[in-house]
Amino acid sequence: DAGITQSPRHKVTETGTPVTLRCHQTENHRYMYWYRQDPGHGLRLIHYSYGVKDTDKGEVSDGYSVSRSKTEDFLLTLESATSSQTSVYFCAISLGTGENTGELFFGEGSRLTVL
Amino acid sequence: DQQVKQNSPSLSVQEGRISILNCDYTNSMFDYFLWYKKYPAEGPTFLISISSIKDKNEDGRFTVFLNKSAKHLSLHIVPSQPGDSAVYFCAAKTGTSGSRLTFGEGTQLTVNP
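Each protein sequence line maps, in turn, to chains F and B.
The first sequence maps to residues 1 to 115 in our numbering.
The second sequence maps to residues 1 to 113 in our numbering.
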């Protein structure tokens, strides 16, 4: 068990409010990812991090920012939430042993509803 | 541009029979392909992967086949069990993308007792 905790697990908010989702890992893995899952789209990468203070954009990064001030925490922020950001958000880590086969370990998800 | 595509949103099979889930891709630079399984209210879990230099990988009841010329892969589950009922995602990565995966839309598999 790679030990990922996402919080909150469920959140309902209103359009225009800021929201921060937290991903916490316990095993000092370097690479962390935020994905969103939507019907008909599968999972899409929002942002990822390859170390403390090292982050980069994924394919659907507009409207999102991230921060990684400690190895164990990767925060996803919606500065001003919109209804199109209603989704289930998954944090993932790369277990990164040996050959890079791309295998990711996912958290249990955070369901966000923007009214 | 949908680089990984799962054209069947759902599949229903009888317990004990074979389940075949399909996935097509367009990017010839993908070097690994993965299948993930997802139950409701849980995160996706890794199931099986295959390198682009191979055409088959087997793990117990699960076998993945890769046809590079057709840019097509499939996941076979034999025999299917009711506990296999879940959403299955196909995913892929390139050699330069690290573990940044590109996912298909998912296929809901239902195995009927």
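By construction, these hints were calculated from the structure, which means they are not laboratory data.
Even for Gly, the Cβ is constructed at its ideal location relative to N, Cα and C.
Any given hint could turn out to be false.
[To be verified] FRET-style restraints, in silico, Cβ to Cβ:
hint	chain 1	residue 1	chain 2	residue 2	range
1	B	E58	F	P18	24 to 30 Å
2	F	S65	B	G98	19 to 25 Å
3	B	Q3	F	D54	47 to 53 Å
4	B	G95	F	N28	21 to 27 Å
5	B	N57	F	H24	41 to 47 Å
6	F	D54	B	D31	22 to 28 Å
7	F	D54	B	K56	33 to 39 Å
* So the hint says 22 to 28 Å: do the beta-carbon atoms of D54(F) and D31(B) match that? -> holds (23 Å)
* Q3(B) versus D54(F) beta-carbon gap, inside 47 to 53 Å or not -> For D54(F) against Q3(B), whose Cβ atoms are near 25 Å apart, the range 47 to 53 Å is violated.
* How does the Cβ-Cβ distance of E58(B) and P18(F) compare with 24 to 30 Å: does it lie in that range? -> violated (48 Å)
* Asked: Do the Cβ positions of N57(B) and H24(F) conform to the proposed distance bound of 41 to 47 Å?
  -> Violated, at about 33 Å.
* Using the beta carbons of G95(B) and N28(F), state whether their distance is inside 21 to 27 Å or not. => Given range 21 to 27 Å: holds, Cβ gap about 25 Å.
* CB-CB spacing for G98(B) and S65(F) relative to the 19 to 25 Å hint -> holds (21 Å)
* Regarding D54(F) and K56(B), is the given constraint of 33 to 39 Å on their beta-carbon distance met? -> With a Cβ separation near 37 Å, D54(F) and K56(B) satisfy 33 to 39 Å, so the hint holds.
Comparing the model with each numbered hint stated earlier shows that hints 1, 3, 5 do not hold.
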